[in-house]
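2 protein chains.
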Amino acid sequence: MEFEQTIKLKKQPRIIGSYTIVGPKEGQGNFGKYFDYIMKDDSFGEKTYEKAERKMIENAIVGVIEKAKLLPKDIDILLAGDLLNQIVSSSYAARAFQFPFLGVYGACSTMAESMAVGSVLVDGGYFDNVVCCTGSHFSTAERQYRFPLELGNQRPPTSQWTVTGAGSCALSLHGEGPKISMITFGKVIDWGVNDVNNMGAAMAPAARDTMLRHFKNTKTTPGDYDLIVTGDLGKLGSEILIDLMEDEGVMLGVNYCDCGQMYFKREQKTLCGASGAGCCATVFNSYIVEKMRDGQYKKILFLPTGALLSATSTQQGDTIPCVCHAIVIEM
Amino acid sequence: MEFEQTIKLKKQPRIIGSYTIVGPKEGQGNFGKYFDYIMKDDSFGEKTYEKAERKMIENAIVGVIEKAKLLPKDIDILLAGDLLNQIVSSSYAARAFQFPFLGVYGACSTMAESMAVGSVLVDGGYFDNVVCCTGSHFSTAERQYRFPLELGNQRPPTSQWTVTGAGSCALSLHGEGPKISMITFGKVIDWGVNDVNNMGAAMAPAARDTMLRHFKNTKTTPGDYDLIVTGDLGKLGSEILIDLMEDEGVMLGVNYCDCGQMYFKREQKTLCGASGAGCCATVFNSYIVEKMRDGQYKKILFLPTGALLSATSTQQGDTIPCVCHAIVIEM
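Line order of the protein sequences matches chains A and B.
With the first letter of the first sequence counted as 1, position 270 gets the number 1253 in this note's numbering; the numbers rise by one all the way through.
With the first letter of the second sequence counted as 1, position 108 gets the number 1091 in this note's numbering; the numbers rise by one all the way through.
None of the hints are false.
Since copy identity is lost for identical chains, a pair holds within one copy or between any two.
List of simulated lysine-lysine pairs, DSS-like, C-alpha gap at most 25 Å:
#1 1016 - 1050
#2 1050 - 1023
#3 1218 - 1274
#4 1056 - 1199
#5 1202 - 1056
#6 1281 - 1052
#7 991 - 1056
#8 1056 - 994
#9 1162 - 1281
#10 1282 - 1218
No lab work stands behind these hints: they were computed from the structure.
Work out the full structure: start from the sequences and follow the hints.
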């Protein structure tokens, strides 16, 4: 290991393809024109929202294999996870394919975790082509984590809107695309927030911890990146992160942004913005990868965050432990 | 990649320590004398069974670090997962430590998945010391997957008893212990079983698929291993596996056994035997590792299986997709 928590990838696996699929509300948001597929309605022709989420993930896997100009038989392994209990959306989606499956869980940081493990499998020469995927669905997350949809409960001002969408990327040593050069693996951080309607505040300390460790280990500063982008801290959470970093003497400037904060338009009334595993997965695998391929961003630091709670842990009065993994991607 | 689905580890990470902690019923079972710690009662001094499960996992992590003669600061990363929604037992346990955390989920195959990813991280030179851990608790699993404990529902003859216990191992290139030499990653297999009280029947086809692929890829036969051990197929599931393999012309002989089938004594009335992520995790990290260190087993094939369902998928009428990963361990 070169640095504590941070690894350098010698061969630097490339993102040879990426794919996104989202719901109609997401399609009307700020990244609408970058997504590969926008569903007409969020049930996606299925009888339950859970089955719709599964179908989105399945389509994101099929889609990325095509976009990477590969065939299913070229894929060595799938790494995926989601927010549903027992990550069933991913496991059931994986059933449709003839390649092996590893289930990963990092809540809304799952895109980073799947890319981290996938990068290592490719960089180490164990596999040639790996697919990483995650997603979330507003209606399944809402009824699993919070309240029945029929209740129509009022959303507090700190709440965020779970993205209905799935994103995927294919990693390989062969082909063209942005390269994954470094990964900083995050610790579980819990500063005592217990408000399940304020995920941004819960997750900001985890982003702070991983970001500080990353800058220290790699001897870089915010100015070394064209873009520093967190996953789904939202409006409040990203403000908190900026404050926390300032307290440590690190000034996050105009090159810092948050996928959740940018996702929706103001008139879409999502309060603190977007969240969910599908949030950064769909922004990264559409807009960000495209801007890297265009040469607009040459080096980015991608920091998806995840809140590792469950409805049961909340009911038993626990606070919310969070995690954040950082990935450096270069063009 | 040397073979489809199967990877060879060049440096062969060693299991430099392993630790197990179990409940009182498990302590009275066939492996009682091999476990490191037997709890006096399965609430482990906590107010809820969920918190007891978390404490077991935390103790298994502390325990293995000590047994590997390491300090917490020597650990580079923790790979863990469990059966509770959002793998909260592992995530909350990870909060107590200053090393990074990757959450993995493969239901009762989680021990194999954590060892597989951990082995790659060590073998590839990314990290020096990795801890892999999983566990389960009868009372948390029963009330999450099936019925409230207070209901006292009758268990059908095919049911298995979720092990209350956690097992962990530390992997490193430095130190003594059994070596991990090959891994065959499993596909998600679903032959249409939808009876949540017959996990053995649901999982046997996944064990068959991975085992057949493993023998083919590595050009080995059952006779090349001192021990072939599945995770928690139980009495019925392991019989089904023997039949399925015989249909393919592969005869599993006296060197084949199943952790779930062997776990409890007949008078403990667990019907088809043990199950749960803690089942093979506690047998492997106690009895099996000890017998390898003693020289009784020189080469084993370890095949934990997992049923990737959730209560929601069951309620929505889905069948049970399963997975099995195979790990070759040599002394």
